[in-house]
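Trainee: Whenever a hint applies, use it, and build me the whole structure from the sequences.
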Amino acid sequence: MTTPRIYRHRLRRSLLSAAAVGAALALATPAGAADVDTGLPPGPAAARAAVPAQTAAGWAAGTRSYLVVTAPGDTSAARNAVTANGGSVFAHYDAIGVVVAHSSSAGFAAAMRSVTGVQKVGATRTSDVPADAYSPTLPSAPGQSSTTLAETARWDMTRINADKAWAVSTGSASVTVGVLDTGVDDRHQDIAPNFDTADSVSCAYGKADTRAGAWRDVGSHGTHVAGTIAAAKNGKGVVGVAPGVKIASVRVAEPSTSMFFAENTICGFMWAGDHGFDVTNNSYYTDPWMFNCPDDPDQAAIVEGVRRAQEYAEGKGSLQIAAAGNSNYDLANKRTDSSSPNDSTPVNRTITNACIDIPTELPGVVTVAAMGNGNIKASYSNFGRDVIDVAAPGGDGAYGVYSTLPGGKYGNMNGTSMASPHVAGVAALLKSADPAATPADLRARLGSQATDTACPSDGRCTGTTAKNAFFGEGQVDALKAVGGSTLPPGRYFENTADVTVADNATVESPITVTGVTGNAPAALKVGVDVKHTYRGDLVLSLVAPDGSVHPLEDFADGDSGDDVVKTYTVDASSETASGTWKLRVRDIATQDTGRIDAWNLTF
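So that you can map any letter, position 73 of the sequence shown is 73 in this note's numbering, and since no number is skipped, the others follow by simple counting.
There's no promise every hint is true.
Stated by the list, open to error - Heads up, simulated DSSO-like pairs for lysine-lysine below, C-alpha to C-alpha not over 30 Å straight-line:
| # | residue 1 | residue 2 |
| --- | --- | --- |
| 1 | K316 | K531 |
| 2 | K531 | K236 |
| 3 | K120 | K316 |
| 4 | K525 | K236 |
| 5 | K566 | K236 |
| 6 | K582 | K566 |
| 7 | K316 | K207 |
| 8 | K120 | K236 |
| 9 | K582 | K236 |
| 10 | K531 | K467 |
| 11 | K566 | K525 |
| 12 | K207 | K236 |
| 13 | K525 | K582 |
| 14 | K316 | K566 |
None of these hints come from the bench; they were simulated from the model.
Mentor: Right under this line is the structure:
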């Protein structure tokens with residue numbers, strides 16, 4: 001494998017790198033200005049051109065997008081004013097009082113600011129709205145490659161004890177994590193088992209596009225992020241932090257630029273709230289301004305619109321996790337910005353701490369810094385006293401974060417983009433363990449359970465070991481999220497081969513235990529992951545090497561829930577440890593079927 005090349009990006013997203021498995025291939029990643037001028041070459045743009053203007057009815061050169069912010073509720077008066085002042089309504093979100101308007105009139109914003117009841121108006125970009133917005137082209141579905149790679153314990157997963165957490169729980173299929181990003185390849189062999197098609201969408205341009213496939217990746221970034229969160233534990237490729245939860249894709253990136261404008265982010269958060277996402281991952285900043293300043297009327301409207309949408313999603317039970325950024329910048333001591341606006345010509349600006357990076361600096365959002373392989377800040381990671389909440393592996397130098405790529409492929413990337421999904425995965429495990437937990441509960445537990453990480457010998461890292469500018473409250477811990485306070489003792493064995501469970505049938509899945517002397521423990525841990533559409537049909541047992549049967553659970557006939565993902569404790573002290581153990585699953589009814597997806601033993 002070649003050394004991963006590093007490109008410049010706006011995605012948190014900057015300092016991303018990818019290498020295809022077994023090939024000297026540096027993957028094309030979306031073009032754009034970096035968070036900071038690194039002196040590195042720009043990456044190639046996503047290979048998709050905008051629809052020609054003449055094919056997009058209603059589009060005209062010079063069309064710009066605006067947020068019109070009014071009181072939450074009925075936005076009809078604001079919408080009528082948009083039309084009366086030379087604009088058109090592209091989308092509206094009455095629950096938060098935000099209208100997305102398009103206009104080619106240079107005086108549109110000024111005219112709307114004088115309308116009674118309109119609170120803020122702001123252009124969301126300094127470039128034209130693409131013609132593609134009026135008739136979006138669906139992303140292509142990439143051809144899929146199979147893999148012979150077996151799952152291994154990768155450095156990033158062992159750093160946060162995810163590999164130990166899986167012995168306790170892989171997460172619940174009733175928990176959904178929304179990936180707000182460049183899209184997700186739902187056909188990937190490691191993503192398809194956990195992908196939620198019904199709740200996936202495109203929010204590019206600021207309006208939900210629910211057509212099948214609109215959620216697919218227009219780059220590679222979102223697919224990589226999704227794999228880190230919840231790649232399936234299926235014996236091949238990689239495993240995500242929470243391989244038992246669901247992933248939904250909300251594509252907020254526009255196709256030819258991979259930019260994330262405010263209206264796209266608003267649409268994404270509103271979708272997350274309305275569709276019951278428990279967690280969202282946001283590995284980007286809202287284009288075109290790295291920092292949005294309240295004394296600029298355009299940027300003030302952007303902050304207010306996105307803030308209201310985030311608040312709406314949180315009010316519906318969704319916790320937002322966001323990447324801190326890749327500029328090695330002190331977010332608690334802002335002075336200058338030379339990278340904005342990134343959709344036209346950047347200018348040098350003097351800024352203050354009143355100017356914020358959104359969504360990561362919005363109230364309620366968990367801000368994530370990146371770490372390398374060790375108790376070290378990744379060289380590129382942003383930081384800031386009382387800004388960074390927690391940290392997680394993001395990769396640096398020779399250690400990249402290895403995850404899924406479109407087309408059934410895998411590769412390395414580095415960035416706070418890669419750190420944030422580790423935290424989203426841990427948050428999903430927390431929600432799985434406590435379904436009643438609120439976003440505030442999850443936010444607090446991420447911090448309280450994090451491993452305290454002391455500052456290095458670097459004067460920029462201020463604070464204490466318990467909470468500082470580089471790592472916040474520390475590095476997240478997946479094992480603590482699932483209820484473990486120490487690493488599980490003893491040897492660990494697993495079988496991830498699928499075994500079909502048919503109607504009125506009994507099946508078994510074997511695990512051969514070797515190298516364990518004497519008898520099994522009195523608290524043998526039996527981790528079970530059975531996919532089934534009606535668990536009331538199931539009876540689960542553990543069969544010891546001598547054939548003796550230890551009942552695990554006989555589910556109530558009326559239990560209509562899906563799947564069994566839990567860990568049982570069995571007194572197996574009378575059994576010889578070494579030999580072939582079996583998980584026995586009996587289906588006692590008709591109509592509903594499933595499979596043994598995986599199971600494990602911890603001695």
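Trainee: Please write out, lowest number first, the hints stated earlier that are contradicted by the structure.
Mentor: 8, 10, 12
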